[in-house]
Amino acid sequence: MHPMPPDMNWLDSREAVSLVELSTACGISSDDLVELIDYGALTPMPMQSERFSAHYIVQLRTVSRLRVDFDLDIFTAALFMKYLDRIEELEEELRSLKARSITTGQ
Amino acid sequence: MKYKDYYATLGVPIDADLDQIKKAYRKLARTHHPDMSKAADAESRFKEVAEAYATLKDPEKRAAYDELGRHPAGEEFSPPPQWQRDAASDVPSFDEADLADFLARMGRGHMGGYAHEPRSRRGRDYEAAIQISLEDALSGKTVNLSLNEGHDTKTLEVTIPPGVAQGQKLRLRGKGAKGHNGGENGDLYLHITLAPHPVFRTDGHDLYFDLALAPWEAALGKDIQVPTLDGAVMLTVPAGTQTGRKLRLRGRGLQDGKGGRGHLYAVVHIAMPATLTARERELYTQLSQVSTFNPRASATKEQNHASHAT
Chain D
492 MHPMPPDMNW LDSREAVSLV ELSTACGISS DDLVELIDYG ALTPMPMQSE
542 RFSAHYIVQL RTVSRLRVDF DLDIFTAALF MKYLDRIEEL EEELRSLKAR
592 SITTGQ
Chain Z
25 MKYKDYYATL GVPIDADLDQ IKKAYRKLAR THHPDMSKAA DAESRFKEVA
75 EAYATLKDPE KRAAYDELGR HPAGEEFSPP PQWQRDAASD VPSFDEADLA
125 DFLARMGRGH MGGYAHEPRS RRGRDYEAAI QISLEDALSG KTVNLSLNEG
175 HDTKTLEVTI PPGVAQGQKL RLRGKGAKGH NGGENGDLYL HITLAPHPVF
225 RTDGHDLYFD LALAPWEAAL GKDIQVPTLD GAVMLTVPAG TQTGRKLRLR
275 GRGLQDGKGG RGHLYAVVHI AMPATLTARE RELYTQLSQV STFNPRASAT
325 KEQNHASHAT
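Chains as they are written, first to last, in my numbering: chain D, 492 to 597; chain Z, 25 to 334.
It is worth saying that the hints were derived from the structure and are not from the lab. Possibly wrong hints are sitting among the right ones.
[Stated by the list, open to error] Chain D side only, calculated, beta carbon under 8 Å to chain Z, not exhaustive:
#1 D498
#2 W501
#3 R577
#4 L581
These numbers were taken from a predicted model, which means no experiment stands behind them. We put the beta carbon where it would ideally sit given N, CA and C, even for glycine.
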């Protein structure tokens with residue numbers, strides 16, 4: 492197996508990050524992130540209450556940008572996150588269905 | 025410095041209250057945001073609107089802006105001497121500076137006559153996108169990225185490790201813009217897409233491809249040479265293979281970044297010859313006469329159930 496360079500991270504569930512790291516990477520304060528946890532938009536890793544899947548970095552950076560661009564409050568940002576999650580899931584499902592379907596000879 | 029009419033940009037009167045300003049901004053943001061608008065100038069229009077809002081929503085910045093008086097948009101004007109004194113340490117050329125830069129600096133406590141120590145500031149993050157082939161995703165690839173840094177373009181060599189899937193995001197720490205006054209460097213966020221492949225389709229770390237079989241190959245089974253990213257291998261097609269069946273080649277997919285590999289699936293479809301020779305027709309006719317196979321048996325059964333039910 493090729494070792495991952497020390498300064499490189501997968502931004503998916505293969506890696507976990509702390510709340511402080513999430514805050515720095517996404518430009519959202521720790522207090523606001525705690526509010527997102529309260530709203531159920533941000534969930535810690537199973538068995539690790541202080542660690543979060545690194546995939547949240549990508550999602551929260553998008554949410555952070557939209558929050559600034561549209562001057563949204565943190566509750567609306569939490570709703571956005573849920574919809575972004577759903578879009579991601581559906582895109583994944585669509586890609587998976589397309590990959591598994593026969594494309595020729597039909 | 026060029027004057028910008030922020031009230032006109034948002035379409036609000038100069039005595040508009042914060043609610044009016046916010047409402048006007050949100051309406052314009054909804055119209056011009058690059059995620060919502062396909063117009064070629066969407067991004068620049070949105071930036072103008074956002075710049076106006078950043079100043080007018082902040083009472084301190086708005087007051088400073090109002091002090092400039094009203095000028096026609098685009099007219100050259102001379103900012104108050106205090107601005108020029110405060111800016112001297114940070115802005116190399118005052119004449120070329122942008123009004124937004126000065127107003128943005130107010131929010132960071134740079135202006136207003138207070139003495140200040142240079143504050144350390146983290147460098148900006150970069151975002152970059154790159155498309156690589158499936159072969160490169162499997163083995164890893166060193167690429168040269170061109171990044172825009174202000175007016176300059178810098179090139180950064182990045183080694184993408186094996187293990188990327190479609191839509192993979194990577195973070196390279198410290199590869200963003202340099203920090204200021206001892207602040208940390210920013211990070212580089214890399215979005216990777218996999219180029220469409222003529223044979224394989226991806227699903228996570230698994231790969232799929234279409235495998236055409238002649239009716240007799242599907243019926244009798246056969247060892248067939250099939251492509252993989254590692255070169256051709258033999259695949260055993262079992263007798264009685266149906267269309268749509270997925271035959272798995274274990275560990276022939278993409279690296280999963282955890283030391284293993286996804287699988288490769290051959291998706292079977294049975295292909296019919298477009299025309300039959302006389303001999304083929306004769307053999308099919310014989311087959312149709314001796315075979316007891318009814319491909320619609322289950323459909324017929326369901327139909328009977330349905331008709332009994334009504």
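Quick rundown of the hints versus the structure:
1. D498: holds (5 Å)
2. W501: For W501 (chain D), the interface hint holds, since the closest Cβ of chain Z sits about 6 Å away, which is under 8 Å.
3. R577: violated (16 Å)
4. L581: violated (13 Å)
When the structure is compared with the earlier hints, violations turn up for hints 3 and 4 and for no others.
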